[in-house]
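**Q** Listed below, chain by chain, are the residues.
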Amino acid sequence: MAGKRRKIGLPKRKKKVSRVQGKLGSAPGTVNYLGTKEKSDSVVYVTNYDADEVDTKKVESLEDILKYRKEAKTSWINVIGITDEQFIEELGKGFVLNNLILEDAVNTDQRPKIDEYEGYIFGVFKMLYLNENDEIVPEHMAMVLMENTVLVFQEVKEDVFDGVRNRIAAKSGRIRTRGADYLFFALLDAIIDNYFLVLEQINHRIELLEEEVYANPKPIVAQHIQQLKKEVLKIRRWIFPVKELVSRLIDSESPLIKHDTKLFLRDALDHSLEINESLQIYREMSMSLMEMYMSNMSNKMNEVMKVLTIMASIFIPLTFIAGIYGMNFEHMPELHYEYGYYVVWAVMILLFIGMLIYFKRKNWL
Amino acid sequence: MAGKRRKIGLPKRKKKVSRVQGKLGSAPGTVNYLGTKEKSDSVVYVTNYDADEVDTKKVESLEDILKYRKEAKTSWINVIGITDEQFIEELGKGFVLNNLILEDAVNTDQRPKIDEYEGYIFGVFKMLYLNENDEIVPEHMAMVLMENTVLVFQEVKEDVFDGVRNRIAAKSGRIRTRGADYLFFALLDAIIDNYFLVLEQINHRIELLEEEVYANPKPIVAQHIQQLKKEVLKIRRWIFPVKELVSRLIDSESPLIKHDTKLFLRDALDHSLEINESLQIYREMSMSLMEMYMSNMSNKMNEVMKVLTIMASIFIPLTFIAGIYGMNFEHMPELHYEYGYYVVWAVMILLFIGMLIYFKRKNWL
Amino acid sequence: MAGKRRKIGLPKRKKKVSRVQGKLGSAPGTVNYLGTKEKSDSVVYVTNYDADEVDTKKVESLEDILKYRKEAKTSWINVIGITDEQFIEELGKGFVLNNLILEDAVNTDQRPKIDEYEGYIFGVFKMLYLNENDEIVPEHMAMVLMENTVLVFQEVKEDVFDGVRNRIAAKSGRIRTRGADYLFFALLDAIIDNYFLVLEQINHRIELLEEEVYANPKPIVAQHIQQLKKEVLKIRRWIFPVKELVSRLIDSESPLIKHDTKLFLRDALDHSLEINESLQIYREMSMSLMEMYMSNMSNKMNEVMKVLTIMASIFIPLTFIAGIYGMNFEHMPELHYEYGYYVVWAVMILLFIGMLIYFKRKNWL
Amino acid sequence: MAGKRRKIGLPKRKKKVSRVQGKLGSAPGTVNYLGTKEKSDSVVYVTNYDADEVDTKKVESLEDILKYRKEAKTSWINVIGITDEQFIEELGKGFVLNNLILEDAVNTDQRPKIDEYEGYIFGVFKMLYLNENDEIVPEHMAMVLMENTVLVFQEVKEDVFDGVRNRIAAKSGRIRTRGADYLFFALLDAIIDNYFLVLEQINHRIELLEEEVYANPKPIVAQHIQQLKKEVLKIRRWIFPVKELVSRLIDSESPLIKHDTKLFLRDALDHSLEINESLQIYREMSMSLMEMYMSNMSNKMNEVMKVLTIMASIFIPLTFIAGIYGMNFEHMPELHYEYGYYVVWAVMILLFIGMLIYFKRKNWL
Amino acid sequence: MAGKRRKIGLPKRKKKVSRVQGKLGSAPGTVNYLGTKEKSDSVVYVTNYDADEVDTKKVESLEDILKYRKEAKTSWINVIGITDEQFIEELGKGFVLNNLILEDAVNTDQRPKIDEYEGYIFGVFKMLYLNENDEIVPEHMAMVLMENTVLVFQEVKEDVFDGVRNRIAAKSGRIRTRGADYLFFALLDAIIDNYFLVLEQINHRIELLEEEVYANPKPIVAQHIQQLKKEVLKIRRWIFPVKELVSRLIDSESPLIKHDTKLFLRDALDHSLEINESLQIYREMSMSLMEMYMSNMSNKMNEVMKVLTIMASIFIPLTFIAGIYGMNFEHMPELHYEYGYYVVWAVMILLFIGMLIYFKRKNWL
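Chains as they are written, first to last, in full-length UniProt numbering: chain A, 1 to 365; chain B, 1 to 365; chain C, 1 to 365; chain D, 1 to 365; chain E, 1 to 365.
Bound-form chain A, shown alone:
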């Protein structure tokens, strides 16, 4: 599955233009999936839990969802697949959500955001994870925090929430005794934690490129560096706003977020800060890489030129001397000296050695 997903990189022009154009002129609040996945039905899992019980069900219809959601427990309603715009809209009506947030929930181009509404808090984030080829895969996701319930929309089945699921499954986990706001935090925290993995992948690629730059500065390396810079730019766009958003959650006065949970959010804020700092450092490191590449190129050129200069400087004068005694003048006394030829050889060898010493002194050899 993952192999088919959108890779990070510049989207193909054709698709994109039609996508934006498809949206042009439509009223705001129109629920319109803009991603690249094929249309398919959404799959919904509802997990109800409290300190005593956990129970996960795959449900089919809106009515089932509403019915199955139990007031006394914390419900995690996980909607997988957001291409079925009609279903999403129905769901929105069922939970009395503003159409504008449904639009954002399925708009895969939406930048990360958090909006507070009367009775619920809405957030959009990008999950980033590595696929089997260690490529960075972005996945659009949206979360709605309501009284006792967290509603999660994700683009595909893969996600970064297995840790949260395990902690819910474990009877002793703190998550079991805390409410929906803690679940909301836990999911957000899982997303942020995965950013660390992605950053490490970037760090690893920087290190590999660095080795390449030192060992073998070919044009393809420069191309890879530029590619990396572009990816960092792209990822930064998704990751960078998170810090601001978490900090806004902490300052929020919404009754949906309890004071205790804010302590944990402060921790998440800390992690976002760290991630942003790392991104900044990777940015500077990739700029240094390019600089280093250029300096190595320049150095290689110097070396090439030195070889040329040494060869030419040594042999051109010698060839000239040989040329002199290749002339056909009638009157060239040297030609008739018995040791003329040997003297010329001697001169040439002396010149050769002199040149070598000269270049040695210049540190060119």
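These are computed hints drawn from the structure, not numbers from a lab.
Copies of the same chain look alike in the list, so a pair counts if it works inside one copy or between any two.
Derived EDC-like pairs: lysine to aspartate or glutamate, alpha-carbon spacing no greater than 16 Å straight-line:
| id | residue 1 | residue 2 |
| --- | --- | --- |
| 1 | Lys37 | Glu158 |
| 2 | Lys230 | Glu284 |
| 3 | Lys360 | Glu303 |
| 4 | Lys113 | Asp267 |
| 5 | Lys113 | Asp270 |
| 6 | Lys113 | Glu139 |
| 7 | Lys262 | Glu118 |
| 8 | Lys113 | Glu274 |
| 9 | Lys258 | Glu147 |
| 10 | Lys113 | Glu277 |
| 11 | Lys234 | Glu207 |
| 12 | Lys230 | Glu211 |
| 13 | Lys70 | Glu147 |
| 14 | Lys73 | Glu147 |
| 15 | Lys362 | Glu303 |
| 16 | Lys157 | Glu38 |
| 17 | Lys234 | Glu135 |
| 18 | Lys37 | Asp109 |
| 19 | Lys37 | Glu139 |
| 20 | Lys73 | Glu53 |
Dock chains B, C, D and E against chain A, hints included.
**A** Chains B, C, D and E alone, transformed into the frame defined by chain A:
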């Protein structure tokens, strides 16, 4: 028509100087068209609508406009063509508008702005759209939000408002049931949505240039990159302030903007943020392009130098040897050896092979 | 006259040092002309006007100025020439001005500033205009806004206020019915409007340099680009603070500035913003110019190297072959072949053509 | 010991990935040592002191710690070794600390932070010091300021607190008469003071590299410069936040920090400011170094090219002349002139001298 | 004297390390001279003045100072030499000053600061002045403003206060009638005024380097540019904070600074702003210098390459032709043509001229 319009690019000096000079010394508040369109009469369309009815009329005179505007309905008064300064001034008097805003309405150099006055809100924006050659065309426009009425000034007939017109025409559209402030928002939203199209065009050109840079780094490519950078600078100037302006609208305490509409403006703010981020990314990408171009140039130079160095390093010593035995000394014993010639050939071939191995080892071949 | 004035450019060291040294150790508030004009008497023009009458007089002495200034009218007292420190000091006493502002009024190195005092507002600005050679000429000026009176100090007779004078002369002008604060604004507006002209001149020079860079990247062009960058730095220093100052005037609570005038100041603020944006853009464009210059240099070098490499790569091997058969060995069978010579020619021509094809393929021809 | 510790530099990929992955999915507040030290028991020293007495004990168990801590005195509880997660967790329970801070206390990746809790203040910092090879060694440390007690966690036995220990041992020291908040400050101050030592080490390396760049700009030097830049980036990440944290301590309203101690914190703030400025300067200096390296490379290339050009320009024409008279035409009158040979020599020498003068004039010799 | 003083430049490592190490571990508030001057007794001058009288005395002991300081007059107590830590400490006790400020007063590494204490205001600044070789000499100084008294610590006898002394000596000076706060301002103003001189010196050096860069871009010039950049970095560190400090003084609510004096401080603030702007401009100018240097290097390389290419391209083909007819084939009909030799010459000359035209067209000659 569109073909005649101003293209993005540095304006010709002559026109510009006279334009600014034409304004120098005139009192502030003087209504003075500064654009490049030829003088012509303004054309005015008035659209009245409410939940039940829609009705559009082309009107001729100020009296008609004022008469036709119906109090109970929402009126969209669309003034096309702003070269007729006298008419604009009359219109301003008819709607009791400050002269300073009329000056800005026809001043095509005016940067985007929003000013609140007693009883109306005035905004200046740049519409950007692509003409048939996929060139980016900027068009100056101004909007006044009044009680029940939105007054729009645009430079030419082309605009980006067809989507809004369609939604007004459709009976079921939300826009029909909401007031002038929603119309104001819808127009602004249409303008911002078109920025996405323009950005995609820029993105597309960056991609094309990137391919060129890798495939064929000629000086013309560098020139195109610089051209692109200049366009991004230009466009940024028009797009960048919009975020700030929308955010000011949201914070405004004017009774003209209802609370509901502010939710939608928050959406528009989101889009402006995204556009500004993209602009920033395109800026960095075009700088990377230039960097890449330079590195490719440098690489090509390296290659040229290598060819020269290899050819010269191999053949100059060989020529020297040939030169030696071309000398005409009487006493050159080698010349008389029976296999002298073949020995020399052998030495030369060995030298040649040695050189090849040397360059191979240096990774130059 | 203008020809003698100070050009923009680095001041000569000698003059400057003595100037600063001349000031070192003197008490603050010492009125001390620091410019480069020769000492001469100040000339004073007083213009009194209200809605009904305008009247301009050249006056000689402080008493005349004070006498001629009419309470009921708006007075514009224009002091031309600020080298006569004694007169300036007397004037200051006559109008009860703080010595510190007189010091600034004649200090041509003073950066733009606005200071509010009890009963008057003091401002220092740089007028910038083009002389007959289209060079940018800076001129120091200072203004004091008092009750009913604007006192203006300018370095020389030339200024940018002719538009204001004309509007005062015209009976119908709005300026006639408004007070001293509007006059203050009008003068400031005239100064700012002229900045546009200067920016256009810079824009024009950037365009010319751009053409040069593409057509003929000689070192002198690089020097001109650096010159331009330095001028932009210089001008920015004078223009950049104006935005901040105007904005401070708008926020001022001084009773000297009426609410109506603030609407106009908001307009001036807008213009300052635009000017600062343009300056920023010109700065980036001049940096791009230098980048382009470097890339063109690099490209020319590539071309030179290609010519050398092609010539050398083709002829050095051929010369080697000729060298072979110029050897004087006794036993060289080829020399005796009947068609030896022609065979060698054939080989050479084949090599030549092969080389051409090789370089053609490499896209070097 | 120190030799085994982690050096500054990019961590090895393998370890890091597994480390982050190890944390992925675990609940926040999980106490999890992430560093590279081997598991070992923590060693705890408790120092109790007041104006009259000092007394240091190595204690084994949590009970001993709690028992030994005397209410009336200031206690410094120094925990050395943070790999024993179970012990740390017990300790936390003993002192009623939030689990989140224990997590940070042992998380060696945690960026510097200060968090205020009800009843205690928690801080994480990086000690930086030089080992015997003058390499910069970072060490994670955490401090908790409680009523009368400072609890310190450090990774290994080495630290930068000997000065503080000495001042506590000395009867006359001010530290003896002040409370736990002053101890907290003194430890923080010791950490900051050591940053100066580290910065000097960096400064020293910049100077050495500078000399290398001027004397011998080899690729390895560029590599060292880039290495240095990376280290400065790394260190900045640890040092930079300190200023902000100290300033937050000064503004804190916690009763744990007395007013007197804030005067001293102001001093520490001053030092952090200075350190940040120095870091900024070193950053700019290392960028200048790279620039200088590139310019020296370029210069060396120029020199190489000059040698080549001079040699080739002088000898190629001379060789051509020799070639002319090496031709075997039957009718070459010059060959039969008696002094032909000498004339050719004369011409050649003149050419040679002419060339030398030409290059001398061009300043190439 | 001045010749022995510390020059601006990177301090020698050895001294510095031991200096910092010497401080490591000592308690904050320890009065510890860190500069490079040799130990010597401090010399103290006390100047008492009011509108009627001035009186300066050299005093020996703390008692004399306290006795001689007259309540009714303004006292300027000038301590020259800060190596005698014991005396400074006594002095501090005599004036009831906090030890922390004494530490800063003698700490020559202290960055500029202003701290308000109960009853006095403390400031640290760097005097900068030119010595006889026009080198920039920094001198540490500290000032304490108390009721009626200004206490000044300076490192050596040289200072920038002669102007202030003269104005105190002159009976008519404003300084005589104003209190200690005006004296404090006057001294600060004198320091700031001297920064202008130093900036001019830097400006002068930039101009000289600029000429060098255009006339003769040798590596030593690049080295000088980098040197300059480093000096600007250094000086900026001392000068830059002053603006902030003066502005804090203006906002201070301390009763020690009268409202009148704040007007003058506003003037000083203005000057600091100007100085900071100049520093910024010099920074950018020195970066442009380096850019220009690189472009000139590149240009020189181009020229060298052109000479080589022209010489090689012209003579290598000609030499080839000569080589052809130097071959010894038995059957070479051309050799026997009567005018063969002349025809070859003609061909060669035509080729030569053709080449010249080609290079002329390429604009390489």
